[in-house]
Structures are given as C-alpha cells and as structure tokens.
Amino acid sequence: MSGTTTNSGSMVRGENIVKRFGNLTVLNGVDLLVKRGQVVVIIGPSGSGKTTLLRCINHLEKIDGGSIYVDGELVGYREKKGRLVEDTDTNIARIRSKIGFVFQRFNLFPHKTALENIIEAPIHVLHEPKDVVIERARTLLDKVGLADKADSYPHKLSGGQQQRVAIARALAMNPKLMLFDEATSALDPELVGEVLKVMRQLAEEGMTMVVVTHEMGFARDVADHVVFMDKAVIVEQGPPEQLFDHAENERTRDFLGIIR
Amino acid sequence: MFRWDVVWQYLFSGLFFNAAWTTLWISVVAQFAGVVIGLFLALMRMSRFSWLNWPAAGYIWLFRGSPLLVQVLILFDGIPEMFPSGEASKILTPVVCVLIAFSLNEGAYMAEIIRAGITSVDAGQMEAAKSLGMRYSLAMRRIVLPQAARVIVPPLGNEFNNMLKTTSIASVIGLLELTGTAQVYGSQAFVTFEMLIVATFWYLVLTTGWGYIQSWIENSMDPNRTGKAEIIEKKGWTRRMVGFDSSRSFQSPQAGRGTSIPRS
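Chains as they are written, first to last, in our numbering: chain D, 1 to 260; chain W, 1 to 264.
Simulated from the structure, these hints should not be mistaken for laboratory data.
These numbers were taken from a predicted model, which means no experiment stands behind them.
Don't be surprised by glycine CBs; every beta carbon is placed ideally from N, CA and C.
Among the hints, erroneous ones may be present.
Partial pick of chain D residues on the chain W-facing surface, computed with a CB cut under 7 Å [said to hold, decoys possible]:
1) Asn-58
2) Leu-60
3) Asp-89
4) Ala-93
5) Arg-96
6) Ser-97
7) Phe-101
8) Arg-105
9) Asn-107
10) Phe-109
11) His-111
12) Ala-121
13) Val-125
Please construct the entire structure, taking both the sequences and the accompanying hints into account.
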C-alpha cells in the first residue's frame with residue numbers, strides 16, 4: 001500500500017506535530033506513540049491542546065507541521081513531488097473508517113434511531129450486507145447495555161445512553177483504534193459510571209485506545225500509559241503509577257494536586 | 001356592465017383548465033430545476049475553495065439583483081438579436097425562455113434558502129459522519145441534508161406559492177398561461193375584467209391546493225424525531241393561507257401570536 005510503513009508495533013506515531021489556530025500555537029512539536037493494544041490516557045488542564053491532538057489523529061484538524069501515522073499509514077497527507085499535500089477526500093475517509101471517534105457531545109444522528117445510527121456507516125461506507133450489520137448492531141447494543149433501546153430516537157435517551165450508543169456506533173466499523181474525546185464531560189455525574197464501565201470493558205478486551213479525560217480514577221486504573229499535556233506540549237509521560245505517585249515535573253504535580 | 005354570465009361560462013371551461021395546467025406544470029418544472037440549481041450553488045458558496053465560491057456568489061448577485069421580467073425579455077427578445085440567422089429564436093420559444101429564466105432565477109433564491117438550512121445543522125453532525133469514514137458527499141446526502149430539509153421545506157413552500165403567481169410574467173411574451181389567456185381572450189370580446197376574475201379563481205385554486213399539500217408535507221416530517229418538537233408548530237392550512245389558525249383560535253389565552261404550545 002503506502003511506502004511509508006512504520007514500526008509494526010505502533011498503532012499511532014505522531015512526530016513533531018504542530019498545530020496553530022491563527023497566532024495561537026495549540027500543539028508545539030508533540031510526539032506521541034501508541035502501541036497496539038495499549039490504552040493511552042491524555043490528561044491536562046483546559047486549553048492544553050489534548051483535544052486538538054486527538055482530533056489531529058483522525059484529521060478532523062489539519063496539522064501545520066510534523067506527521068501522524070496510524071496503522072502504518074500517513075494520515076491526511078500524501079507525498080507529491082517531494083512535498084506533503086493534503087490527501088484526497090476518499091483516502092482520508094478510508095483511514096478514518098479504521099478509527100473510531102467518540103465525541104464529548106455524542107453527535108448522534110437525531111433523525112435516526114439508535115439502531116439506524118449504528119448501521120449507517122457499515123452499510124454505506126463498508127458496503128456490508130444489511131442483515132449482517134443489523135445482527136452486529138444488536139450485539140453491540142447488548143454489549144453497551146441498551147438492547148431494549150434499538151428503536152429509540154436519540155432525544156428519548158439520557159446522555160449516558162446516547163454516549164453508549166455513540167460508542168456502539170464507532171465499534172460497528174470494527175475499528176483498529178478508538179479515540180475518546182472527553183466522553184464523560186457532558187454527562188451528569190450519576191451517568192458517568194455507565195460510560196466508563198463500557199470503556200473499561202473495551203480496554204480489557206484489548207482495544208487500542210487514546211482517551212482524553214478528566215477522570216483521574218479511570219486514568220489510574222485503566223491506562224497503560226499516561227500523557228500529561230500543558231501549554232501545547234507534552235510535559236511528562238509514563239506508566240500511571242509513576243505519573244500519579246512520583247511525578248517529576250512541577251507542573252504535573254501541581255495539576256494532579258489541584259485535581260485531587 | 002360586468003357580465004357574470006361570461007364569468008360562469010368560462011370558469012370551468014377547457015380554455016382555463018388548459019391555462020391552469022400550463023401555469024402548474026411550468027411552476028413545478030421551474031421550481032424543481034430551481035431546487036437542483038440552488039443545491040449546487042449553496043454547496044459551491046459554502047466550499048472552502050474560492051474558485052467555487054465566487055462564481056456562485058456572482059450568479060446569486062446577478063439573478064437576485066435584476067428583475068425576472070427583464071431576464072425573460074433578454075432571453076426572448078435580446079438573445080435572438082445577437083444571432084440574426086434566426087436559429088436562436090427557433091430554439092428560444094416562449095415556453096423555453098420562461099422555463100430557463102424562471103429556473104435560473106429560482107436557483108438563486110433557493111441557494112440562499114438551502115445554504116441557511118445546511119448552516120442550521122450542527123457542525124458536529126458532519127464531524128461525526130466524517131469520523132465514521134464517510135466522504136463529504138455521502139455525509140451531506142445521508143446525514144446533513146435530511147436534517148437541513150426540515151428548515152428548508154417551509155420557505156421552499158412559500159417559494160412555490162410565489163412561483164405559481166409569478167408565472168403570470170410569462171404572459172408578456174405571449175405564453176398562454178392563466179394571465180395570458182385571460183388577457184388575450186378578454187380583450188378580444190371586451191371582457192378583460194371578467195376573464196381576470198376567472199384567472200384569479202384558478203390562481204386561488206392552485207395556491208390553496210398547494211397550501212394543503214405543504215401543510216401535509218411539513219406535518220409528516222415528524223419534528224418529534226429531532227427533539228425540537230417544541231419549537232416547530234403544526235401549521236393548519238388556514239394559518240398558512242390566511243395567517244391565523246382556526247383550530248387554535250379558541251384554545252388558551254397564551255396561544256396568541258408568535259407563541260407556540262409545547263407538545264409533550
């Protein structure tokens with residue numbers, strides 16, 4: 001396929017990623033490595049660039065410098081006469097179809113039922129037979145504990161239920177990588193647990209995940225690797241025990257002290 | 001002396017049936033073409049490429065900024081003058097001129113309506129569709145446009161109501177739709193007023209019929225699905241046609257002008 005295959009052990013490899021919004025530099029030379037089967041949790045204060053970093057991984061944001069490889073393929077750009085140019089719509093879509101993305105605000109399709117939300121992309125993007133997809137969708141709804149909500153429209157569901165449908169929708173594409181963008185931040189406190197439970201279960205099954213979250217308990221329990229970002233750079237990273245209990249950097253310690 | 005007998009004689013005549021049919025089919029074809037042209041213009045206008053942006057903006061500027069009557073006359077009288085061989089006037093018959101001018105003109109108006117509809121859909125919908133591996137065109141077709149339709153359909157209905165009446169402009173180049181028919185046959189027998197009354201009757205038949213259809217379409221779009229049921233009122237045909245709703249007028253003091261009753 002692409003001539004730019006990288007180390008087969010890594011699912012995501014970002015090198016020197018730079019992202020600016022106008023004059024504001026949101027990512028200032030960030031390197032990120034996610035191995036297959038690993039759960040990487042990104043923490044940090046608001047405005048530190050963690051959500052932007054996540055959105056760059058499936059090219060919802062263009063990057064102004066550096067490169068990102070997912071599953072060995074360069075994301076969003078291709079080489080043309082020795083220069084990098086933005087990739088075609090079709091190619092970007094193909095890479096995105098391997099990457100599940102869960103939004104803070106769910107973004108379910110309001111004109112479709114829970115089941116229709118889930119089967120939409122497998123049928124129209126992967127061109128799989130409808131009965132196969134429906135079968136899979138029902139299994140997934142069951143997995144996220146919403147088997148009885150298949151025919152409900154999103155606005156009839158609670159936030160936690162909507163987010164679980166959104167996770168099922170992403171999983172229906174059989175992604176190799178799941179990205180979670182503050183998946184529980186828009187939820188009422190009592191609904192956070194049900195979503196985290198599903199994410200925990202996914203992690204146990206060996207899904208490769210990159211999770212941006214403020215849930216420190218989740219980060220500590222589930223993460224294989226924790227990344228702390230502040231002011232557009234990665235300040236410190238390592239296994240959760242190291243970061244949470246023996247953080248070396250002053251800013252990391254401050255942040256974790258404040259949040260606790 | 002106003003001759004009622006002439007009105008009755010022509011009210012349900014084949015002459016006016018045909019004229020009403022002409023008005024109707026020209027309106028339907030021009031409106032349909034207008035929606036298609038408008039959709040492409042709206043997508044061009046919203047494109048991040050300026051080479052798509054500018055032509056669309058220029059088109060809308062031109063057609064919204066000049067009278068439809070002038071556009072019709074340019075097509076019918078102006079263009080054939082540029083080709084003295086007579087080929088152009090053979091192709092540009094009154095019907096063809098009217099269809100072209102009305103479609104192009106309507107496209108400019110529909111472009112703005114469709115653009116507003118697309119803009120009303122939350123940007124997160126496009127992002128969610130893209131993140132599932134949909135290309136722009138598929139995401140537009142399957143996710144964004146169906147949601148935009150809810151916003152587009154009410155003004156689209158008003159556009160069509162206008163279209164039914166604006167086709168009267170076609171009479172100036174001799175097309176025998178309702179107004180043209182009334183004028184031509186009326187002036188021959190000195191019964192113009194009577195004939196215009198007949199034409200008015202048929203315009204009302206068409207617009208009233210459309211009012212019913214529009215209400216039905218809007219109500220069948222099931223606002224319940226969006227969770228925005230509260231802000232979308234069901235509109236009876238009386239509200240659409242006369243500006244008030246007979247089924248609501250005696251309900252509650254709060255159900256006044258501009259307020260909506262939340263449906264649970």
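Now for the hints, and whether the structure bears them out:
no.: 1; hint: Asn-58; result: holds, 6 Å
no.: 2; hint: Leu-60; result: holds, 6 Å
no.: 3; hint: Asp-89; result: holds, 5 Å
no.: 4; hint: Ala-93; result: holds, 5 Å
no.: 5; hint: Arg-96; result: holds, 5 Å
no.: 6; hint: Ser-97; result: holds, 3 Å
no.: 7; hint: Phe-101; result: holds, 4 Å
no.: 8; hint: Arg-105; result: holds, 6 Å
no.: 9; hint: Asn-107; result: holds, 4 Å
no.: 10; hint: Phe-109; result: holds, 6 Å
no.: 11; hint: His-111; result: holds, 5 Å
no.: 12; hint: Ala-121; result: holds, 4 Å
no.: 13; hint: Val-125; result: holds, 4 Å
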